[in-house]
Amino acid sequence: YIIPDSNLNQISSDDLLIFSVKAYDDQENALKNNLDLIINISKKRGSKLILVDDFTPFGENQDADFFPKFSFFGNGPTISRLKAEIRRSKHTKLLLDYVDNKNIFYIDPLTTLCDMELCPAVINGSLIYADGSPHINKNGIKILDDFWRVNLPSILDVE
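Here the sequence shown stands for residues 1 to 159, numbered as in our numbering.
In short, the hints are calculated from the structure, not lab data. Where hints are given, some of them may not hold.
DEER-style ranges, computed between Cβ atoms [to be verified]:
no., residue 1, residue 2, range
1, K142, N33, 33 to 41 Å
2, N29, P153, 17 to 25 Å
3, S6, H135, 34 to 42 Å
4, L82, S6, 12 to 20 Å
5, G125, K44, 23 to 31 Å
6, D100, N137, 30 to 38 Å
7, L127, G46, 38 to 46 Å
8, S12, L118, 40 to 48 Å
9, K83, K44, 15 to 23 Å
10, A30, S126, 29 to 37 Å
11, N33, K83, 38 to 46 Å
12, K44, S154, 29 to 37 Å
In silico DSSO-like pairs for lysine-lysine, Cα to Cα no more than 27 Å straight-line [stated by the list, open to error]:
no., residue 1, residue 2
13, K93, K32
14, K43, K32
15, K22, K32
16, K138, K43
17, K22, K43
18, K48, K83
19, K102, K83
20, K90, K22
21, K142, K43
22, K43, K83
23, K43, K93
24, K138, K44
Glycine included, every Cβ here is placed at the ideal spot set by N, Cα and C.
Turn these sequences into a full structure, and let the hints guide you.
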């Protein structure tokens, strides 16, 4: 979470701020406080802020639900996209409540990491997560490159 310090005072209108936190930490008050802080700084400094929604763990027990689901055939765990969206829906709604599409924007990585039915841990034959938290590995970073290429221009072009 954000700890106010002198670096936050150096933010200017030329800066692009990115805020992303885990959706599954039952610390809603801390999340709201941090969002309020970064949004106030963004508005005060005239910088753009992107709220990035969370990825979805593949079960309730993160690594315990992740690693046992691999096979020798390169398959890994999946979660239905609907279940993923439902699991983080409270978090998503909270983020969307702050969006104004002038200074504060929302983007969802599930649009890149999932198809309409499933969110897999293996895409194009490559594991994209390092663990069940889920942390992205180098293969996942390559996939997210496209996500940023698609989403950033429309945000950067807003005056």
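Holds or violated: K102 to K83, with C-alpha atoms at most 27 Å apart | Roughly 31 Å between the alpha carbons, so the hint for K102 and K83 is violated.
Is it true that the C-beta distance of L82 to S6 lies inside 12 to 20 Å, as the hint says?
-> Given about 44 Å between the Cβ atoms, the range is violated.
Has the given pair, K22 with K43, been kept, meaning a C-alpha gap of at most 27 Å?
-> Given that 27 Å is the threshold and the Cα spacing comes to 23 Å, the pair holds.
Given hint K32 paired with K93 - CA-CA distance at most 27 Å = Roughly 12 Å separates the two Cα atoms, so the pair holds.
Assess, step by step, whether the Cα of K48 is no farther than 27 Å from the Cα of K83, and give holds or violated.
-> Distance of about 31 Å is beyond 27 Å: violated.
Take a quick look at whether K43 and K32 sit within 27 Å of each other, Cα to Cα.
-> holds (16 Å)
Does the Cβ-Cβ separation between G125 and K44 fall within 23 to 31 Å?
-> violated (47 Å)
If you draw a straight line from the CA of K90 to the CA of K22, is it 27 Å or shorter?
-> holds (12 Å)
Pairwise hint evaluation, K83 against K43, where the allowed Cα distance is 27 Å at most | violated (34 Å)
Determine whether the Cβ-Cβ distance between N33 and K83 falls within the hinted range of 38 to 46 Å.
-> Given range 38 to 46 Å: violated, Cβ gap about 29 Å.
May I ask you to test the hint 33 to 41 Å on the CB atoms belonging to K142 and N33?
-> This hint holds: roughly 34 Å between Cβ atoms.
Take the C-beta atom of L127 and the C-beta atom of G46, compute their distance, and say whether it sits inside 38 to 46 Å.
-> At 41 Å between Cβs, range holds.
Checked against the numbered hints above, the structure violates hints 2, 3, 4, 5, 9, 11, 12, 16, 18, 19, 21, 22, 24; every other hint is satisfied.
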